[in-house]
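> Below are the chains, spelled out letter by letter.
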Amino acid sequence: MNRELLTQGAEGRVFTTSWLGQSVIVKQRFPKTYRHPDLDAQITRERIKAEARALVRCRSFGIRTPAVYDVDFTTNEIVLEEINDSVTVRNFIYDAVNKQQSMNGPVFMNLAEKIGKTLAKLHDNNIIHGDLTTSNMLLVPPYDTSDIILIDFGLSSVDERPEDKAVDLYVLERAVLSTHPNTELFVQQVLSVYKTAGGKAAAEVINRLDEVRMRGRKKLCFG
Amino acid sequence: MVTVNVLEDASRSRCHLLLYRNVENAIDLRKMIMEGQVEASLIKPEMVVSAFQVLVAANKAVRSLEAKKMTTRSVFSEIIFNLSPTKNISESLLRFGLGDSDKDILAVVVDPDVEPKVEKLSGQIQGQLVPLDELSSLTNVQKVTETYKITKEELTMSSLSDGVISRMACKEFYPK
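If you read the protein sequences in the order shown, they are chains A and B. Positions in the first sequence are counted from 1; adding 8 to them yields this note's numbering. Positions in the second sequence are counted from 1; adding 132 to them yields this note's numbering.
These are computed hints drawn from the structure, not numbers from a lab. Just so you know, these numbers come straight off a predicted model, no measurement behind them. A hint or two may mislead.
[Stated by the list, open to error] Derived, one-sided and incomplete: chain B residues facing chain A with beta-carbon distance under 10 angstroms: (1) Val188; (2) Glu223; (3) Leu261; (4) Val262; (5) Ser298; (6) Glu304; (7) Pro307; (8) Lys308.
[Said to hold, decoys possible] Restraint-style ranges between C-beta atoms, simulated for each label pair: (9) Gln30(A) x Glu167(B): 51 to 61 angstroms; (10) Asp218(A) x Ser143(B): 38 to 48 angstroms; (11) Ala211(A) x Val136(B): 51 to 61 angstroms; (12) Arg21(A) x Glu247(B): 32 to 42 angstroms; (13) Gly29(A) x Val273(B): 22 to 32 angstroms; (14) Ser268(B) x Leu13(A): 28 to 38 angstroms; (15) Ser254(B) x Asn92(A): 30 to 40 angstroms; (16) Glu12(A) x Ser143(B): 16 to 26 angstroms; (17) Ser268(B) x Met9(A): 24 to 34 angstroms; (18) His44(A) x Lys252(B): 49 to 59 angstroms; (19) His44(A) x Ser268(B): 43 to 53 angstroms; (20) Ala49(A) x Lys219(B): 19 to 29 angstroms; (21) Lys107(A) x Leu226(B): 53 to 63 angstroms; (22) Met222(A) x Leu226(B): 54 to 64 angstroms.
[Claimed, not checked] One side only, chain B facing chain A, incomplete, derived with CB under 8 angstroms: (23) Asn137; (24) Leu139; (25) Glu140; (26) Ser182; (27) Phe184; (28) Gln185; (29) Leu187; (30) Lys192; (31) Met289; (32) Ser290; (33) Tyr306.
Glycine included, every Cβ here is placed at the ideal spot set by N, Cα and C.
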């Protein structure tokens, strides 16, 4: 079976295909020609390892992520479980808003709570996602009881300090507020649940978040 | 009885899984393996959760063979090594490969030309070929969970098979 292209970003391409009889996702990273080839090979290899590691680490402490089926450093490809019937939280919100559902209603407050708890667990284990947006969170049917499935750990890292965690949350906050209208309460609920679920470390992160907000729209630079 | 799958290497190798029970000559088989007379991977079914788990290991093995970058000496030992969550070859063979007192064997044959290989193997193994569905009743869930270090939190949101394969795929660089 040939590969079907799903998306293409700056980092590489994402395909769906049949692999050993299963439907899978293949993430293929591009070589960056503007880099010195040895350096590029090394950086790409480290990014692949970081992504795969983060995916497996998350599952070990109970955050649902796609399973890793294969990692190939010669083709720079990672083969992942395809999550069937999934919808991104982004599209879920779009659909519900189109159906005139209120962002302040129980459906969204429940969703915000689940996101808050998931992120609290993520950061409690010192994993920084690096690209938290509603496009990188999935739900499966039945959506109202679905776990939050985190995907795309391509920019992830490990850090115990509050700074990167605060930036993680800030990126999500900006993404949600700018993509979906009337989400102020939704975001507030996510952060409030995060703080409660996460304990002392999470409280520190929230404090740090206030500082990050004050810095404006500056993005953190990644290597 | 014989489950055939196609692997993802350039030659599209065919992979056959055969489950034997009430095996009486494990000791002899091990001798034959060491003499290079067995053209199959002989695996402990108790360490196998799904056929897919074995296919992933076999696929990786043939790809390594293709790239001339195998870690072990034969594609058959490579398949067994790939099943293991650790990089220690001897440990892998001990934990996952046929043992002297084993009565059940999951055999993996990788070859474009199935029939003769399967016939040869069935001539070597003194046991009963059974349907592959019986594999699930032979899985030792506790041993598997311990060996691969699968947490109970993980099992609340994923299958054991997915957890196992994730560890197999990332063993070169996970946990650290």
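> Would you mind marking each hint as holding or not holding in the structure?
Checked hints:
At a threshold of 10 angstroms, the smallest CB-CB gap from valine 188(B) to chain A is about 6 angstroms, leaving the interface hint in force. For glutamate 223(B), the shortest C-beta to C-beta distance to chain A is roughly 20 angstroms, which exceeds 10 angstroms, and the interface hint is violated. Hint on leucine 261(B) is violated. Least Cβ distance to chain A is approximately 22 angstroms, over the 10 angstroms limit. Evaluation of the valine 262(B) hint against chain A yields a violated restraint, the C-beta minimum of about 21 angstroms exceeding 10 angstroms.
For the restraint placing serine 298(B) at the interface with chain A, the shortest Cβ-Cβ distance is roughly 4 angstroms, inside the 10 angstroms limit, so the hint holds. Checking glutamate 304(B) against chain A: minimum C-beta separation of about 8 angstroms stays under 10 angstroms; hint holds. Contact between proline 307(B) and chain A, as hinted, is supported at the beta carbon level, the nearest pair being about 8 angstroms apart and thus within 10 angstroms. A cut of 10 angstroms between beta carbons decides the hint on lysine 308(B): the least distance to chain A is about 8 angstroms, and the hint holds.
A hinted range of 51 to 61 angstroms is violated for the C-beta pair glutamine 30(A) and glutamate 167(B), which are about 36 angstroms apart. Checking the proposed 38 to 48 angstroms range against aspartate 218(A) and serine 143(B) shows it is violated: the Cβ atoms sit about 59 angstroms from each other. Range check, alanine 211(A) to valine 136(B): Cβ separation about 57 angstroms, and the 51 to 61 angstroms hint holds. Here the CB-CB span from arginine 21(A) to glutamate 247(B) is close to 40 angstroms, well matched to the stated 32 to 42 angstroms.
For the hinted restraint 22 to 32 angstroms between glycine 29(A) and valine 273(B), the CB-CB distance of approximately 23 angstroms keeps it satisfied. Take serine 268(B) and leucine 13(A): their Cβ atoms lie about 36 angstroms apart, and the range 28 to 38 angstroms holds. Our hint of 30 to 40 angstroms for serine 254(B) and asparagine 92(A) holds, since their Cβ atoms are close to 38 angstroms apart. For the pair glutamate 12(A) and serine 143(B), the supplied restraint of 16 to 26 angstroms holds, since their beta-carbon distance comes to about 24 angstroms.
Restraint check, serine 268(B) to methionine 9(A): a C-beta distance of roughly 27 angstroms satisfies the suggested window 24 to 34 angstroms. A hinted range of 49 to 59 angstroms holds for the C-beta pair histidine 44(A) and lysine 252(B), which are about 52 angstroms apart. The beta-carbon spacing between histidine 44(A) and serine 268(B), approximately 51 angstroms, falls within the hinted interval of 43 to 53 angstroms. Taken as a hint, the range 19 to 29 angstroms holds for the pair alanine 49(A) and lysine 219(B), whose Cβ atoms sit roughly 22 angstroms apart.
As the Cβ distance of lysine 107(A) to leucine 226(B) is approximately 59 angstroms, the hint placing it in 53 to 63 angstroms holds. Here the CB-CB span from methionine 222(A) to leucine 226(B) is close to 59 angstroms, well matched to the stated 54 to 64 angstroms. Because the smallest distance between the Cβ of asparagine 137(B) and any Cβ of chain A comes to about 6 angstroms, under 8 angstroms, the interface hint for this residue holds. Hint status for leucine 139(B) relative to chain A: holds, with the closest Cβ pair at about 7 angstroms, below 8 angstroms.
Because the smallest distance between the Cβ of glutamate 140(B) and any Cβ of chain A comes to about 6 angstroms, under 8 angstroms, the interface hint for this residue holds. Taken as an interface hint, serine 182(B) does not check out: its beta carbon lies about 10 angstroms from the nearest beta carbon of chain A, beyond 8 angstroms. The beta carbon of phenylalanine 184(B) is positioned within 8 angstroms of a beta carbon in chain A (closest approach about 7 angstroms), and the interface hint is therefore held. This hint is violated: glutamine 185(B) has a C-beta 10 angstroms from the nearest C-beta of chain A, more than the 8 angstroms allowed.
With a cut of 8 angstroms, the hint placing leucine 187(B) at the interface with chain A holds, because the nearest CB-to-CB distance is about 5 angstroms. Hint on lysine 192(B) holds. Least Cβ distance to chain A is approximately 7 angstroms, under the 8 angstroms limit. At about 4 angstroms, the closest approach between the beta carbon of methionine 289(B) and any beta carbon in chain A falls short of 8 angstroms, and the interface hint on this residue holds. The interface hint given for serine 290(B) is met, as the beta carbon of that residue sits about 6 angstroms from the closest beta carbon of chain A, less than 8 angstroms.
Contact between tyrosine 306(B) and chain A, as hinted, is supported at the beta carbon level, the nearest pair being about 5 angstroms apart and thus within 8 angstroms.
Of the numbered hints listed earlier, those contradicted by the structure are 2, 3, 4, 9, 10, 26, 28.
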